[in-house]
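Now for the letters of each chain:
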Amino acid sequence: MGAITQATAVLDRQGLAALVAALVAGGRTVVGPTVRDGAVVLAELTSAEDLPFGWGVELDAGRYRLTPREDGAAFAHSAGPQSWKAFLHPQREQLWSARRGPDGVPTFTETQPESRTYAFLGVRPCDLRAIAIQDRVLAGRPPRALDSARAGATPFPDRGYRQRRRGALLIAAECTEPGATCFCVSASGGPAADGGFDLALTEVVDDDGHRFFVRVGSEEGARLLDGVPHRSADLTTESVARGAVDAAREHMGRSLPPLDLRALMGESLAADRWDGIASRCLTCANCTMVCPTCFCTTTEEVTDLTGDHTERWQHWDSCFDLDFSLLHGGPVRASTRSRYRQWLTHKLSTWHDQFGSGGCVGCGRCITWCPAGIDITEEVAALAAERDAAADDQHTAHDDGSAHHDRGPQP
Amino acid sequence: MSAPTLAVFKLASCDGCQLTLLDCEDELLGLASQVEIAHFLEASSAVRPGPYDVALVEGSVTTPADAERVRRIRAESRSLVAIGACATAGGIQALRNFADVEEFRRTVYARPDYIDTLATSTPVSAHVTVDFELRGCPVDRGQLLEVLTAYLAGRKPDIPNHSVCFACKRRGTVCVTVAHGTPCLGPVTHAGCGAICPAYGRGCYGCFGPSGTANLHALIPLLRRDGLDRRAVERLLRTFNAPAFEEELRP
Ligand code: SF4
Ligand code: SF4
Ligand code: SF4
Chain A
1 MGAITQATAV LDRQGLAALV AALVAGGRTV VGPTVRDGAV VLAELTSAED LPFGWGVELD
61 AGRYRLTPRE DGAAFAHSAG PQSWKAFLHP QREQLWSARR GPDGVPTFTE TQPESRTYAF
121 LGVRPCDLRA IAIQDRVLAG RPPRALDSAR AGATPFPDRG YRQRRRGALL IAAECTEPGA
181 TCFCVSASGG PAADGGFDLA LTEVVDDDGH RFFVRVGSEE GARLLDGVPH RSADLTTESV
241 ARGAVDAARE HMGRSLPPLD LRALMGESLA ADRWDGIASR CLTCANCTMV CPTCFCTTTE
301 EVTDLTGDHT ERWQHWDSCF DLDFSLLHGG PVRASTRSRY RQWLTHKLST WHDQFGSGGC
361 VGCGRCITWC PAGIDITEEV AALAAERDAA ADDQHTAHDD GSAHHDRGPQ P
Chain B
1 MSAPTLAVFK LASCDGCQLT LLDCEDELLG LASQVEIAHF LEASSAVRPG PYDVALVEGS
61 VTTPADAERV RRIRAESRSL VAIGACATAG GIQALRNFAD VEEFRRTVYA RPDYIDTLAT
121 STPVSAHVTV DFELRGCPVD RGQLLEVLTA YLAGRKPDIP NHSVCFACKR RGTVCVTVAH
181 GTPCLGPVTH AGCGAICPAY GRGCYGCFGP SGTANLHALI PLLRRDGLDR RAVERLLRTF
241 NAPAFEEELR P
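As given, the protein sequences belong to chains A and B, one line each in that order. Everything in the first sequence is counted per the UniProt record's numbering, starting at 1 for the first residue and increasing by one. Everything in the second sequence is counted per the UniProt record's numbering, starting at 1 for the first residue and increasing by one.
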């Protein structure tokens, strides 16, 4: 993917349809938002007709509802039940197989990763950032700020991920109506696509019609745009589009407190709040499954009845599974408290040490899709309040000369 | 070395789990070539006496005679695998555990004195040591084959202990609780079915019993939020695995 160019254009609905048709004709598997089972899901699109024109969403913690929209917009929804990792980092993938020969010696065969050439249409800015994070984790691409010898460059890139990612074309859809669970602005992001795309669309529906302001992010994006009917960007469309994205920054549904979260996590390891969360958490793993950056997998060996043939499969795992930390003698993180804490501290703190950035892009999926409605922003705020209250206590205790009480392990 | 022997036994049950074994059409021939099926009345009336290498036991213990029989089965089996909700949790017939069996006997049967039954329906593990419990009503075909394959290979079966939600999300199903407000037992139910019900728009019924870390105390308020009253919650939890879910609720 080349550098971001300054090129802009405007597509109308026919232009968008032509864009999808061109991608399909070019042999790509086009994946984008479409309505299924009462939600805007990501699935293969055969034409632009499959896009969720006229559907919006109403989100809350543990709640998702589709709502019809008068304006017929196609991208007026926020992050849905899956993320693009379902395609780049599929839930189950065969790594190799082996067969025992007549002489008893096994032959191993590496399984070729399923290699579709994808075009992703309607990638939200938070998801662009999530893909960049998974690139560092799974494809071994070093974060810009660090040199590759240090944290961030995984020595064991995931072959399948790398192959699928290399071929994938990304068409972003910027956000003009953040959902009630969105908080990208407070997670070092925002509703504008700031890189890592081939084309970025901003949907505009007003008296001048239904159209898409397009920014070109790569040579491949430019070539694609050249092949479909479009016009040059007029000032009105551009200013309406940019204005709507700017305004969206002010309408975030939620926010993380503006604190040093790494320090907060480190100082909260013994917090009582974890017990409160544990009483509500179902350890169902929905949060990690929907999170666009959670990447953990485990492997399973599948043998046949004869014992002569075996396959190794990789599949999604979750730190909420007891077996995730199972060592000889039992799980290391047996309590729900310790498992939720592992998840949150990894996302907001130790992720920086490992991969050179935080692990949360503020998409809000874990809030919406937690059946219990546990809200990461609320929990972080509560942990901060507990720390501050304890600091106040300590201060008072210090003032009147009494010893401060032990709050357990501090890093 | 002769092939290991496999025996299949049935206590109080509907035969559904044994049928799952017969349903392994493609793999059944392969299985028959790897093991000697020594006792499987559902498939053949030819039986060989024990000892057996692996015994699959379906059904719960509801009579004094079965309590005795399961001890004999244990004594003559190297490995005993309990299969299905009846054998692992007492099954639907364990609803009697919450009622008065004497009253049933008097009301239902013309000759109550012909009925020789225990007051409770209990899992196999309440009577003898069990080497592995495979859950489900009925058990899942793929999981049953995995257990048998693992025993043949001398390794531990790879049967996850987590919730149905794991499978539901991997399958890409839209959560029926979050998107439709449908009550679902998935977050507390043991995986194994592949999350079939949510894929068809229904909530999970809990056929596989509680997962490794079922937080029922957290789920019940959510079931109430989604429109079930106290009685409806009780009915939902008291189906195939009633005593196992009851156990989870004990303080
Ligand atoms: S936080 Fe919510 S989604 Fe995550 S494991 Fe707990 S109950 Fe499940
Ligand atoms: S932790 Fe939650 S809000 Fe953050 S990226 Fe993951 S799913 Fe989105
Ligand atoms: S539908 Fe049920 S099993 Fe599936 S994710 Fe939702 S709560 Fe879990």
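Be a bit skeptical, because a hint or two may be false.
Stated by the list, open to error - Some residues of chain B that are not near chain A, with every Cβ distance over 12 Å (derived):
#1 Glu27
#2 Glu76
#3 Ser79
#4 Tyr114
#5 Asp158
#6 Thr173
#7 Ala179
#8 Cys184
#9 Pro187
#10 Ile196
#11 Thr213
Said to hold, decoys possible - Subject to a maximum C-alpha distance of 20 Å in a straight line, what follows is the list of computed SDA-like cross-link-like pairs (lysine to any residue):
#12 B:Lys156 x A:Val245
#13 B:Lys156 x B:Gln34
#14 B:Lys156 x B:Arg224
#15 B:Lys156 x A:Ala222
#16 B:Lys156 x A:Glu220
#17 B:Lys156 x B:Asp53
#18 B:Lys156 x A:Val35
#19 B:Lys156 x B:Ala67
#20 B:Lys156 x B:Gly172
#21 B:Lys156 x B:Leu145
#22 B:Lys156 x A:Gly253
#23 B:Lys156 x B:Glu25
#24 B:Lys156 x A:Asp304
#25 B:Lys156 x A:Thr306
#26 B:Lys156 x B:Arg171
#27 B:Lys156 x A:Thr310
Said to hold, decoys possible - One-sided and incomplete, this derived list gives chain B residues near chain A with beta-carbon spacing under 10 Å:
#28 Pro49
#29 Ala65
#30 Ile92
#31 Leu95
#32 Asn97
#33 Phe98
#34 Ala99
#35 Gly181
It should be emphasised that the hints constitute simulated quantities derived from the structure, not laboratory data. Since the structure is predicted, the reported quantities are computational estimates derived from the model, not experimental observations. Just so it is clear, CB atoms sit at the ideal spot from N, CA and C, and this is done for glycine as well.
Tested hints:
1. Glu27: 6 Å, violated
2. Glu76: Given that every Cβ of chain A is farther than 12 Å from that of Glu76 of chain B, nearest at about 24 Å, it holds.
3. Ser79: 16 Å, holds
4. Tyr114: Nearest chain A Cβ is 44 Å from Tyr114 of chain B, so the label holds.
5. Asp158: 6 Å, violated
6. Thr173: 8 Å, violated
7. Ala179: 5 Å, violated
8. Cys184: At about 7 Å from chain A, Cys184 of chain B fails to clear the 12 Å cut-off, so the statement is violated.
9. Pro187: 4 Å, violated
10. Ile196: 14 Å, holds
11. Thr213: 5 Å, violated
12. B:Lys156 x A:Val245: It is violated: about 55 Å lies between the C-alpha atoms, which goes past 20 Å.
13. B:Lys156 x B:Gln34: 18 Å, holds
14. B:Lys156 x B:Arg224: Distance of about 39 Å is beyond 20 Å: violated.
15. B:Lys156 x A:Ala222: Violated. Lys156 of chain B to Ala222 of chain A sits at ~55 Å, over the 20 Å cutoff.
16. B:Lys156 x A:Glu220: Since the Cα atoms of Lys156 of chain B and Glu220 of chain A sit roughly 50 Å apart, the hinted pair is violated (cutoff 20 Å).
17. B:Lys156 x B:Asp53: OK: Lys156 of chain B and Asp53 of chain B at ~15 Å, within 20 Å.
18. B:Lys156 x A:Val35: 42 Å, violated
19. B:Lys156 x B:Ala67: 28 Å, violated
20. B:Lys156 x B:Gly172: 29 Å, violated
21. B:Lys156 x B:Leu145: Judged against 20 Å, a Cα distance of about 13 Å means the pair holds.
22. B:Lys156 x A:Gly253: 48 Å, violated
23. B:Lys156 x B:Glu25: 24 Å, violated
24. B:Lys156 x A:Asp304: 14 Å, holds
25. B:Lys156 x A:Thr306: 16 Å, holds
26. B:Lys156 x B:Arg171: 25 Å, violated
27. B:Lys156 x A:Thr310: Since the Cα atoms of Lys156 of chain B and Thr310 of chain A sit roughly 15 Å apart, the hinted pair holds (cutoff 20 Å).
28. Pro49: 25 Å, violated
29. Ala65: 34 Å, violated
30. Ile92: This interface hint is violated because 25 Å lies over the 10 Å limit.
31. Leu95: 26 Å, violated
32. Asn97: 26 Å, violated
33. Phe98: With a closest approach of 25 Å, the Phe98 of chain B hint is violated.
34. Ala99: 30 Å, violated
35. Gly181: 8 Å, holds
When the structure is compared with the earlier hints, violations turn up for hints 1, 5, 6, 7, 8, 9, 11, 12, 14, 15, 16, 18, 19, 20, 22, 23, 26, 28, 29, 30, 31, 32, 33, 34 and for no others.
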